[in-house]
Structure formats: C-alpha cells, structure tokens
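Chains V and C supply the protein sequences, listed in that same order. Residue 9 is where the first sequence starts when you use my numbering, and the numbers rise one by one after that. Residue 20 is where the second sequence starts when you use my numbering, and the numbers rise one by one after that.
Derived by calculation from the structure, the hints in this document are not laboratory data. By construction, the Cβ of each residue, glycine as well, lies at the ideal position given by its N, Cα and C atoms. Possibly wrong hints are sitting among the right ones.
Stated by the list, open to error - The calculated BS3-like cross-link candidates involving lysine-lysine, where the alpha carbons are at most 30 Å apart (straight line), are:
id, chain 1, residue 1, chain 2, residue 2
1, V, Lys80, C, Lys126
2, C, Lys92, V, Lys73
3, C, Lys126, V, Lys73
4, V, Lys70, C, Lys126
5, V, Lys81, C, Lys22
Stated by the list, open to error - Every beta carbon over 10 Å from chain C, so not counted as near; a handful from chain V, in silico:
id, residue
6, Leu52
7, Ser57
8, Ser69
9, Lys70
10, Lys73
11, Glu77
The lines below spell out each chain.
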Amino acid sequence: MTISVAPGPDTQEGIRTGTAESTDSLTAPDIPWNLVIWNDPVNLMSYVSYVFQSYFGYAESKANKLMMEVHKKGRSIVASGSKEQVERHAVAMHGFGLWATVEKASGGPGGSAGRSGGPGQGKGKRG
Amino acid sequence: MAKAFKYGLKGITGYLEPAERDLLRSLIADVISMLQPEDRTGQDPLAALIGLDMDVAEPTDRAVKRLLPNVVKDDGAASLEFRQLTERSLRETKIGALRAAALDLDKDEVVLTPDGARHWSMALNDVRLVLAERLDIRDEADAEHVHRMQDWSQAEDVESYLALVYNFTTWLQESLVQAMLQSMETRR
C-alpha cells in the first residue's frame, strides 16, 4: 500500500515520464481529460475511499466526499490531467476493480463532464 | 467461524477455518481461470513481450467484462485500442494479487503485510465482482435482496448458496478494509 502525501494525481509517482510529455505535446497540449468513477452496487464504500486515499494520496475527507459523490450521483470525476495520465489512472482503477472511464474534460459522453464537485474542474474547459 | 480482520501489533490479522480457506481458494482459482489470457501461439513474440495484444476483443462474458471494463464509455473502438495496449498487463496484475492472496491461505491465522493486505483487498473485490454478476446484482435493491441471505440453513439451491458466499466475502473484505484504513491512519 502506498501512502503519498501528494495533493493530487499530478504528483503521483511514475506519471511524469519523458514519453508522456512528448506524446502530450504531439496530441492535445492543453485539453484536460477526466478520470470518471462510476457507481456500482458491489464495491464497498470503505474500499472505494481506501483506493482514493492510497492510490491518489487524497486526504480521508476528500476521498470520502468523492466516494459519496460516486454513490449518490452515480459518477464522479476523481482526477484530471493529460490523456496519458488519466489512462494510467484508469488502468490502476481497473486493477482495484473500480469502474473507471476516461473522457475529455469538455463535451464528454452525456455532456456531464466538467460539472462541479470533483477535483481539477474549471481549468481549461474548452470545446 | 472466521474472525474479522483487525489491525494490531502484528499488523493486519484474521482467522479463517479450513473450510473457509478451501472456499476462498476455489473462488480465487475460478477468477484466475477467467483472467488467464488465452495461449496464442501465432502471436508476434515481440508484441507479446511488451504486453501488446492485437487479437484482444471485448469480453463476451459479463463477469470478465466487469473485471476488464471498457475505458471509454460508449466508444467500443477507442476502448478496444486501449485493450490492445493494457489488457494483458491488467490481467497479470489481477492474477498476481489473486495468487498472492491464495498463498496466504495455508494457515488458520492470516497475517498480512501492507502489500499483502492490498493484494487481499483487490482479490476479494474481484471475487465479489464475479459472484455479483452470477447473482445478477444490477442495482442497490438487488444487493439488498442478496444481503438478506445470512443463514446457512437457508442454502437450498445454487443461488442461495452463492448469495451466502457473496455475503461472506463482503463481510471479510469490509473487515479487511476497515483494518487497512485504521493502519493508514496510524501511520499518518
């Protein structure tokens, strides 16, 4: 179990690789992508909060808030970043058994991306 | 009767009866067999070496699909492209956690390192996801219905037996995660 004091996914260990940055600059330099976690009736609330705390290094209060948003609203944006970063998070979430998808920060499926509540919204919305 | 996991001086510990360990072992083996990538002899060895899998397809079994979900909602093509790059290693991550958990099942008392606990929580979660698909748990009401099955004397058919097994693994995972959260809090 990794415990990081990192404030957010941007400082998550192992994300800033040379490949990531060069790929980003080739594709979408300033279009953020969101990592969305979807509600399901199986995953335990405690487990979802544990994953948010241990993987993203979120404080317990932030992890619980995001977990409750998933539970009550059906989905929550739990991290934002480059496409490569959020895809990496998505694989990690799938490893934990959470139901995660990635979407462009604006005009994502269902038009609900970029809504308030999750971290990292409000920056660079466009489209 | 199993004892809930707890966090103490020895780390995270739990206690399981031999029959419960046999049950968990067979559940874990089932999930591993679902995740085992097919042996494709014709595959490009270099591609296989770096984890690429160009022959991958969206799983047809709902339980497998829940373990290996699409990464882009309503976009099969983008999700498939992502699978080609990541699915093989995701399968290996999951199998690794399941195997690690199975290895801890040789004694009544289960003593877990922080890594061991993480593997156990992931393994129990995957086992529960598969059981939930078999039990057709689609929403909170279904989950609540299954949750009401708590008495082993009620086990009269496959479905009620599966429900009891699901509730046992849920209880076990909940107690484990509570112990893990407690251990994280202590180390902060």
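Output the indices of the hints that this structure fails to meet, ascending.
Of the numbered hints given earlier, those the structure breaks are 1, 3, 4, 5, 6 and 7, listed in rising order.
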